[in-house]
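Assemble chain U onto chain R, guided by the hints.
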Amino acid sequence: MNEPMDKTFSYDQEKAQAENLTELLFNYQKDGSYTTRVGYDYVPEGEMLYYDVWKMFRKRFESAKKMVQNGERSPVWYHMEKNLIDLVNFAKLVGIASWRIKRHLNPKVFSKLSPRTIKKYADALDISVDEFINI
Amino acid sequence: MEDMIIDFKHNHSGHCESGATSNLIRHYGLEISEPMTFGIGGGIFFCYLPFIKAQEAPMFAFRTLAGKIFRHATERIGADTVMIKKFKDPVKAMQELDRNIENGIPTGVQVGTFHLKYFPPEYRLHFNFHNVVVFGRENGVYHIGEPVRENTQLILREDLQKARFARGMFGPNGKMYYIRSVPKQPDMQKAIYQGIQETIKNMLKNPVPYIGIKGMRKLAKDMKKWPSRLPEEKARFYLIQFVRSSEEFGTGGAAFRYMFGAFLKESSELLKNELILEASSQMGETATLWRDLSYRSSRFIKNREELHDNYSILSEILMECASGEERIFKGLAKLKI
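The listed protein sequences derive, respectively, from chains R and U. Just so you know, we're using numbering that gives the first Met the number 0 here: the first sequence kicks off at 0 and counts up by one. Just so you know, we're using numbering that gives the first Met the number 0 here: the second sequence kicks off at 0 and counts up by one.
Honestly, I wouldn't trust all of these hints.
[Claimed, not checked] Which bits of chain R does chain U cover? Going by a derived footprint, with three or more residues having C-beta under 8 Å, they are:
id: 1; region: 30-37
id: 2; region: 80-86
[As the list claims (entries may be wrong)] Distance condition first, Cα-Cα at most 20 Å in a straight line; then the derived SDA-like pairs of lysine to any residue:
id: 3; chain 1: R; residue 1: LYS81; chain 2: U; residue 2: THR112
id: 4; chain 1: U; residue 1: LYS8; chain 2: U; residue 2: ASN99
id: 5; chain 1: R; residue 1: LYS58; chain 2: U; residue 2: ARG243
id: 6; chain 1: R; residue 1: LYS81; chain 2: U; residue 2: ASN99
id: 7; chain 1: R; residue 1: LYS58; chain 2: U; residue 2: ALA56
id: 8; chain 1: R; residue 1: LYS29; chain 2: U; residue 2: ARG123
id: 9; chain 1: R; residue 1: LYS54; chain 2: U; residue 2: LYS333
id: 10; chain 1: U; residue 1: LYS200; chain 2: U; residue 2: LYS333
id: 11; chain 1: R; residue 1: LYS91; chain 2: U; residue 2: ARG123
id: 12; chain 1: U; residue 1: LYS174; chain 2: U; residue 2: GLN196
id: 13; chain 1: R; residue 1: LYS107; chain 2: R; residue 2: TYR77
id: 14; chain 1: R; residue 1: LYS119; chain 2: U; residue 2: ARG166
id: 15; chain 1: U; residue 1: LYS233; chain 2: U; residue 2: ARG298
id: 16; chain 1: R; residue 1: LYS58; chain 2: U; residue 2: PHE236
id: 17; chain 1: R; residue 1: LYS91; chain 2: U; residue 2: PHE169
id: 18; chain 1: R; residue 1: LYS54; chain 2: U; residue 2: ASN99
id: 19; chain 1: R; residue 1: LYS54; chain 2: U; residue 2: ALA56
id: 20; chain 1: U; residue 1: LYS271; chain 2: U; residue 2: GLN196
id: 21; chain 1: U; residue 1: LYS200; chain 2: U; residue 2: LYS213
id: 22; chain 1: U; residue 1: LYS87; chain 2: U; residue 2: GLU55
id: 23; chain 1: R; residue 1: LYS118; chain 2: U; residue 2: ASP158
id: 24; chain 1: U; residue 1: LYS223; chain 2: U; residue 2: LYS233
id: 25; chain 1: R; residue 1: LYS81; chain 2: R; residue 2: ILE100
id: 26; chain 1: R; residue 1: LYS81; chain 2: U; residue 2: TYR237
id: 27; chain 1: U; residue 1: LYS233; chain 2: R; residue 2: PHE60
id: 28; chain 1: R; residue 1: LYS64; chain 2: U; residue 2: GLN54
id: 29; chain 1: R; residue 1: LYS91; chain 2: U; residue 2: MET58
id: 30; chain 1: R; residue 1: LYS101; chain 2: R; residue 2: ALA63
id: 31; chain 1: U; residue 1: LYS189; chain 2: U; residue 2: LYS335
id: 32; chain 1: U; residue 1: LYS271; chain 2: U; residue 2: LYS200
id: 33; chain 1: R; residue 1: LYS54; chain 2: U; residue 2: PHE236
id: 34; chain 1: U; residue 1: LYS52; chain 2: R; residue 2: ALA96
id: 35; chain 1: R; residue 1: LYS101; chain 2: U; residue 2: ALA53
id: 36; chain 1: R; residue 1: LYS58; chain 2: U; residue 2: ASP158
id: 37; chain 1: R; residue 1: LYS119; chain 2: U; residue 2: GLN160
id: 38; chain 1: R; residue 1: LYS91; chain 2: U; residue 2: LEU124
id: 39; chain 1: U; residue 1: LYS183; chain 2: U; residue 2: ILE104
id: 40; chain 1: R; residue 1: LYS119; chain 2: U; residue 2: LEU124
None of these hints come from the bench; they were simulated from the model. Where is the CB? At the ideal position from N, CA and C, for every residue including glycine.
Chain R on its own, in the form it takes in the complex (with noise of 0.2 Å):
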């Protein structure tokens, strides 16, 4: 349709990202007045939690590739993990039942699954049937 103004806007959107962590944050001073800062170090010495969670997370992600690779569950399994999601809200995200998406851990099971259920995973992630089958 128009392509610069996409090129542009997908230039803007790094540059959002990076600049998008900067919360506003209240907090209230001895004197009894409140005040508003910007920034996201909500208590001194930097103790957010931020970093570290993510940190956490990774290594989870990390195991669960790992265990993809080895051909001890299917890629379904990565990518509910990567996405912090539990079994119940997927199967309301994706639109199968939980028990089916139970089965489908086994990559067994999933090896033999229709092209047409693999892509209704990949669109609930907004991600192509390669992506999520290749991780």
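Frame of chain R; chain U shown alone:
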């Protein structure tokens, strides 16, 4: 369709819904701050649901249900609003939004954060209770007043449509809301009292033991048992989720307690009421206690402080928070209307 960008003043806010609401009201000429909107809308809350799991940890909520702040705040200041709760057809939902923008009406929409690509990838979880204001379109790109971010953002039309119809738990179903008119001089005293009344009802009088002050005490009791009842890793994760939901998920800090205190302070100046002023300073102290709780917890999580019995100490601080808030709301209950 013509391109149109409404002259909309975006203000950085601590929380998505109260921020979107106050920005929308301010567009119609009534200067109202975010804490004021939050307080009048009866936003503050506490809810601990151990049997509903979000990301494998119990659910903690520090504010009322999504949609309530907008509905109550606008109702109480007497604004004329329209809220469309549900669309069946995404195309029609987008047409309705386009028509609003062409008519110069900035519109609030509920979206799922997964499809908002201006956020860093880590923020894009499957969370469906986010609110943004749409105030312009240009070549298939929409201008978004993202309340919890300092600058306005851009988003592609198809992404916005996907976000408005995000699937999963409690999907937004294209919900949108906008204001038709706001009275020039609303009865602020009545609005503030109604907001405070609702808060007292939520925090003190709800019979469900997981809600309000009772819920806080319940959580404090359960927290003590976490290390003995759960595997160590899991207990830690519960604590992490508690701290993150009180500090890092767009709350303005300390589980909204600072924001509510700011509301009380502003109301006391507006109404010249000593009782509310006292409650405001008490709220500030309690909020500092909340912050202390999350500070200690995060130090503990990072293992920089090896305390003998960490969970019991945290539980005691939470108990103190509960009694502090009980005192505040019981004091506020004496307000005469």
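**Prompt:** Which earlier hints turn out false for this structure, listed by number in ascending order?
**Reply:** 6, 8, 9, 12, 18, 22, 32 and 36
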